[in-house]
Every structure is written in C-alpha cells, then in structure tokens.
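Assembling the complex is the task here: the two chains are given apart, and the hints tell you how they should meet.
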Amino acid sequence: GIQVEQSPPDLILQEGANSTLRCNFSDSVNNLQWFHQNPWGQLINLFYIPSGTKQNGRLSATTVATERYSLLYISSSQTTDSGVYFCAAQTGANNLFFGTGTRLTVIP
Amino acid sequence: DAGITQSPRYKITETGRQVTLMCHQTWSHSYMFWYRQDLGHGLRLIYYSAAADITDKGEVPDGYVVSRSKTENFPLTLESATRSQTSVYFCARRTDYGYTFGSGTRLTVV
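Chains A and B, in that order, give the protein sequences.
Just so we're aligned, residue 1 is where the first sequence starts under my numbering, counting upward by one.
Just so we're aligned, residue 1 is where the second sequence starts under my numbering, counting upward by one.
Okay, chain B solo, but in the shape it has when bound (with noise of 0.2 Å):
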C-alpha cells in the first residue's frame, strides 16, 4: 500500500463541465503533486503542494485548479474539461525514500 487513495478510478465527463478528482495520503507527508500521463508525453506536473495552502504550478497547469486546506487532501479540479484533457492523472507524495504514487484516475472528456 503506497499510502496515497486517489478517486475515483474512472470518470467520463462532458466537454465545458467541472469535475474534481480527489487524492488523500494516510500520515502527512508535506509534499504532494499531481501528474497526467500521456502518449507520447510520459509524466507530466500539472501541480504541486508544499504544504498546507501552499501550492504552485508545474509544466502543464493551464486549465487546472489545485487547493490543499488539509494536508492529507489535494483535490484536482478541472474548471471547464477539455477534451485535450483526457489523460490519465497521477497524484504523488514525496517521502524521505522518494515519490510514490496513487493507483491513477483516468479521465475521459466527450
């Protein structure tokens, strides 16, 4: 068990419709990051927490909002989907013996 729950699995959205994807860690690790995975493209960061209320961008934040009010939580919300943004998304935790990763949601936007 890599400590980190992301849900849900899978979603199938609309196109312009707002969708959350949720990510929580057992303990309380500082650090915790959301990736997508795509073709061609690998891992990439959308966005990143350093702490409670503390976040900031990574490669590819354009049409995501991230927020972290408690520290096990760090829901990833896509404000209006894209179908651009079909992939599938990675939530992470940095630990003292490197990043681990949640089992993944994969998003569809139609």
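So that you can see chain A by itself, here it is in the shape it has in the complex (with noise of 0.2 Å):
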C-alpha cells in the first residue's frame, strides 16, 4: 500500500503561535484526507484534499499531487487544537491509508 510519513512526530506551541504541519506520501493519489484526534478520541475530519488548497477558519490544507505532499497550517494556535493529527492517503484500492501523526500540545 501507500507510504505515508509525517512530521514532526511532536509539536509543542504556545497559544497564538503558527505552526505547519507536513505529509508526504508514496505514490498518487485519490483521496488525501487530514484529521484531528481530540483527547477523547474522536477523529474529526479537517479537509477533504486530494489536490488544490482549501481553507476553514484558522485552519488551511494545501496538496501537491504531483510532488506528493500535503501540508496542514494551523494559525493562532488554541488550546483545543492539542491532539494528534493524521494525514490519510488512498490511492484506487478500498483503504484509507494512514500517517503516524503528529502530536500537537497548545500551551496557554
């Protein structure tokens, strides 16, 4: 299946702080998702971004298909965004291929 690696593996911010947050992946693809982990577990899904740059409040995505990177920015960091967030990757077959993620921990 699919590679996908992210960094950092760990991220410690102040609140208000910017912050990038990088996936690469193997081969093309069809699907490239980013998600967010809350404390409780839940996966919340951030963008839907097989290709192009997209943006939700203080939280933009922006894909490079043809150089297979994906990059998340998170500005003016809250405490409620500590958590761990995936970047997932499809490429035909039936699977969601995960990263590793990156541990994200929002200091006030």
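Hints listed in this document are in silico derivations from the structure and should not be mistaken for laboratory results.
Please note: incorrect hints may appear among the correct ones.
[What the hints assert, rightly or not] Straight-line alpha carbon distances no greater than 20 Å define the calculated SDA-like cross-link-like pairs of lysine to any residue that follow:
1) A/Lys54 <-> A/Asn18
2) B/Lys11 <-> B/Val109
3) B/Lys57 <-> A/Gly92
4) B/Lys57 <-> A/Asn94
5) B/Lys57 <-> A/Gly1
6) B/Lys57 <-> B/His29
7) B/Lys57 <-> B/Ser80
8) B/Lys11 <-> A/Gln42
9) B/Lys70 <-> B/Thr26
10) A/Lys54 <-> B/Asp96
11) B/Lys57 <-> B/Arg94
12) B/Lys11 <-> B/Thr82
13) A/Lys54 <-> B/Thr95
14) B/Lys11 <-> B/Gln37
15) B/Lys57 <-> B/Met22
16) B/Lys70 <-> B/Ile54
17) B/Lys57 <-> B/Thr77
18) A/Lys54 <-> B/Gly98
19) B/Lys57 <-> A/Thr91
20) B/Lys57 <-> A/Asn95
21) B/Lys11 <-> B/Arg83
22) B/Lys57 <-> A/Ile2
23) B/Lys57 <-> B/Ser84
24) A/Lys54 <-> A/Thr20
25) B/Lys70 <-> B/Thr5
26) A/Lys54 <-> B/Tyr97
27) B/Lys11 <-> A/Trp40
28) B/Lys11 <-> A/Gly41
29) B/Lys11 <-> B/Met22
[What the hints assert, rightly or not] To give a feel for the contact side, a few chain B residues facing chain A, derived at Cβ under 10 Å:
30) Ala2
31) Tyr31
32) Phe33
33) Tyr35
34) Arg44
35) Ala50
36) Phe90
37) Arg94
38) Thr95
39) Asp96
Here a beta-carbon is modelled for each residue, glycine too, at the ideal position from N, C-alpha and C.
Encoded structure:
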C-alpha cells in the first residue's frame, strides 16, 4: 500500500503561535484527508483535499499532488487544537492509509 | 454529527469469548470500513464492505468476521477474543467528501 509519512512527530506551541504540519506520500492519490484526533479519541475530518488549497477558519491545507505532499497550517493556535493530527491517503484500492500522526500540544 | 454510530463505547471481555461491535450509519452510503488503532501502528484496515452482502479483507483481518445484511449496519465480530485484539476500533463510511468515522469502541480483552 501507499506509504504516508508525517512530520514532525511532536510539536509544542505557545497559544497564539502558527504551525505547519507536513505529510509526504509515496504514490499518486485519489483521496487525501487530514483528521484531528481530540483528547477524547474522536477522529474529526478536517479536510478532504486530494489537490489544491482549502481553508476553514484558522486552518488551511494545501496538497501538491505532483510532488506528493500535503501541508496543514494552523494559525493563532488555541489549547483546543491539542491532539493528534493524522494525514491519510488513498490510491485506487479501498483503503485509506494513515500516517503515524503529529502530536500537537498547545500550552496557554 | 458524522452520521455514523458505534456501540458500545467501551467493552471488557474475557479471552476466548465472542464479542460483536456494532456500527450503524444514517443514510445509505455504499462503502463502510472497520479500522483498529494501536500504539505504534496507527490505524489499520480490518475489513470493508462495498455494498450489502459484499465484504472484503483489509490489512489485518485474522480473527474477525463481518456481515452486512443491511446497508445501514456493518457489525464486526471477534469469534474468539485474544489479548492481541485489545484495541480501539473505528467504523467509517466513505462519502463524496472522503471518509467519516464513528466515535470508536475501546475493547479490552483480559
């Protein structure tokens, strides 16, 4: 299956800071998603973004499919942004392959 | 609301027992999936279903059975639970806007 690598593995931010999370994938994709797993374990779908750029409030994401990477931007971080951010990619077959995540801690 | 409900949220069972995890979706999206999440492995696909009565194996299917007699329901059964099946289980469905996940079931096998 497709390999999905995320960086950094851990990130600690002061509240109000900005950050960029990166996702590299090993093959062409027909689906690329970013999820936030909150401290209660819920997986929240942030973006469905196989290509292009999208924005949702303080979050935005860009996928450059030809170069096989995606970026998630978090601006003006808040403590509620804490959790694990997963990138997941699908290529053809019926499986969404997950990266190992970036654990974000936002401190007040 | 992701439109996908899992039950129970927490379950403790003994080694060797059969246990069934339930998954229900509102609407009738064709594709549904079961994943397990373990430290060090991330989320891995157990089984998926393309439609009622159509199921197929994922990466880690051993020890699990699924059925899908109705489009809305996709139960996952552990026929004889083992400690290695202690995990968090997520059900998902695929829509035109990607995958959405249920809240998960935390299963402990003692």
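Hint by hint, here is what the structure shows:
In summary, the hint linking lysine 54 of chain A to asparagine 18 of chain A is supported, as the alpha carbons are separated by about 17 Å, within the 20 Å threshold. Restraint check: the Cα-Cα separation between lysine 11 of chain B and valine 109 of chain B comes to about 8 Å, which is no more than 20 Å; the hinted pair holds. A distance of roughly 16 Å separates the Cα atoms of lysine 57 of chain B and glycine 92 of chain A; the hinted pair therefore holds under the 20 Å criterion. Of the pairs offered as hints, the one joining lysine 57 of chain B and asparagine 94 of chain A holds, with about 10 Å between alpha carbons and a cut-off of 20 Å not exceeded.
Simply put, lysine 57 of chain B and glycine 1 of chain A have alpha-carbon atoms about 14 Å apart, close enough for the 20 Å limit, and the pair holds. Taken as a hint, the lysine 57 of chain B and histidine 29 of chain B pair is honoured in the structure, with Cα atoms around 19 Å apart against an allowance of 20 Å. As the CA atoms of lysine 57 of chain B and serine 80 of chain B are separated by approximately 18 Å, the hinted pair is consistent with the 20 Å bound. Only pairs whose Cα atoms come within 20 Å are accepted, and lysine 11 of chain B paired with glutamine 42 of chain A is accepted, the gap being roughly 17 Å.
Of the pairs offered as hints, the one joining lysine 70 of chain B and threonine 26 of chain B holds, with about 12 Å between alpha carbons and a cut-off of 20 Å not exceeded. Restraint check: the Cα-Cα separation between lysine 54 of chain A and aspartate 96 of chain B comes to about 16 Å, which is no more than 20 Å; the hinted pair holds. Between lysine 57 of chain B and arginine 94 of chain B the alpha-carbon distance is near 16 Å, which keeps this suggested pair within the 20 Å criterion. A hinted pair counts as satisfied when its Cα atoms are at most 20 Å apart, and lysine 11 of chain B with threonine 82 of chain B qualifies at roughly 14 Å.
Using a Cα cut-off of 20 Å, the hinted pair lysine 54 of chain A and threonine 95 of chain B holds, with the two alpha carbons roughly 18 Å apart. For the hint pairing lysine 11 of chain B with glutamine 37 of chain B, the CA-to-CA distance comes to about 15 Å; that is within 20 Å, so the pair holds. Proposed proximity of lysine 57 of chain B and methionine 22 of chain B is supported: the alpha carbons are some 18 Å apart, at most 20 Å. A threshold of 20 Å between alpha carbons decides the hint, and for lysine 70 of chain B with isoleucine 54 of chain B the separation of about 11 Å falls inside it, so the pair holds.
As the CA atoms of lysine 57 of chain B and threonine 77 of chain B are separated by approximately 14 Å, the hinted pair is consistent with the 20 Å bound. About 14 Å separates the Cα atoms of lysine 54 of chain A and glycine 98 of chain B, which keeps this hinted pair within 20 Å; it holds. For the suggested pair lysine 57 of chain B and threonine 91 of chain A, the alpha carbons sit about 17 Å apart, so the restraint of at most 20 Å is met. For the hint linking lysine 57 of chain B to asparagine 95 of chain A, the alpha-carbon distance of about 10 Å falls within 20 Å, and the restraint holds.
Of the supplied pair hints, the one linking lysine 11 of chain B and arginine 83 of chain B holds, its CA atoms being roughly 13 Å apart against a limit of 20 Å. With a CA separation close to 17 Å, the supplied pair lysine 57 of chain B and isoleucine 2 of chain A stays within the 20 Å bound. Taken as a hint, the lysine 57 of chain B and serine 84 of chain B pair is honoured in the structure, with Cα atoms around 18 Å apart against an allowance of 20 Å. Restraint check for lysine 54 of chain A and threonine 20 of chain A: satisfied, since their Cα atoms lie roughly 14 Å apart, inside the 20 Å limit.
Of the pairs offered as hints, the one joining lysine 70 of chain B and threonine 5 of chain B holds, with about 15 Å between alpha carbons and a cut-off of 20 Å not exceeded. With a C-alpha separation of about 13 Å, the suggested pairing of lysine 54 of chain A with tyrosine 97 of chain B holds against the 20 Å cut-off. For the hint linking lysine 11 of chain B to tryptophan 40 of chain A, the alpha-carbon distance of about 16 Å falls within 20 Å, and the restraint holds. For the hint linking lysine 11 of chain B to glycine 41 of chain A, the alpha-carbon distance of about 15 Å falls within 20 Å, and the restraint holds.
Restraint check for lysine 11 of chain B and methionine 22 of chain B: satisfied, since their Cα atoms lie roughly 12 Å apart, inside the 20 Å limit. With a cut of 10 Å, the hint placing alanine 2 of chain B at the interface with chain A holds, because the nearest CB-to-CB distance is about 8 Å. Contact between tyrosine 31 of chain B and chain A, as hinted, is supported at the beta carbon level, the nearest pair being about 7 Å apart and thus within 10 Å. About 8 Å separates the beta-carbon of phenylalanine 33 of chain B from the nearest beta-carbon of chain A, less than 10 Å, and the hint is met.
Because the smallest distance between the Cβ of tyrosine 35 of chain B and any Cβ of chain A comes to about 8 Å, under 10 Å, the interface hint for this residue holds. Hint on arginine 44 of chain B holds. Least Cβ distance to chain A is approximately 8 Å, under the 10 Å limit. Nearest Cβ of chain A to the Cβ of alanine 50 of chain B: about 7 Å, under the 10 Å cut. The hint holds. The restraint placing phenylalanine 90 of chain B at the interface with chain A holds, with a minimum CB-CB distance near 7 Å, inside the 10 Å limit.
Taking 10 Å as the C-beta contact cut-off toward chain A, the hint placing arginine 94 of chain B at the interface holds, the least distance being around 8 Å. Given hint, threonine 95 of chain B at the interface with chain A, holds; its Cβ is 9 Å from that chain's nearest Cβ, closer than 10 Å. With a least beta-carbon distance of about 9 Å to chain A, the hint placing aspartate 96 of chain B at the interface is held under the 10 Å criterion.
Violated hints for the displayed structure: none, as all numbered hints are satisfied.
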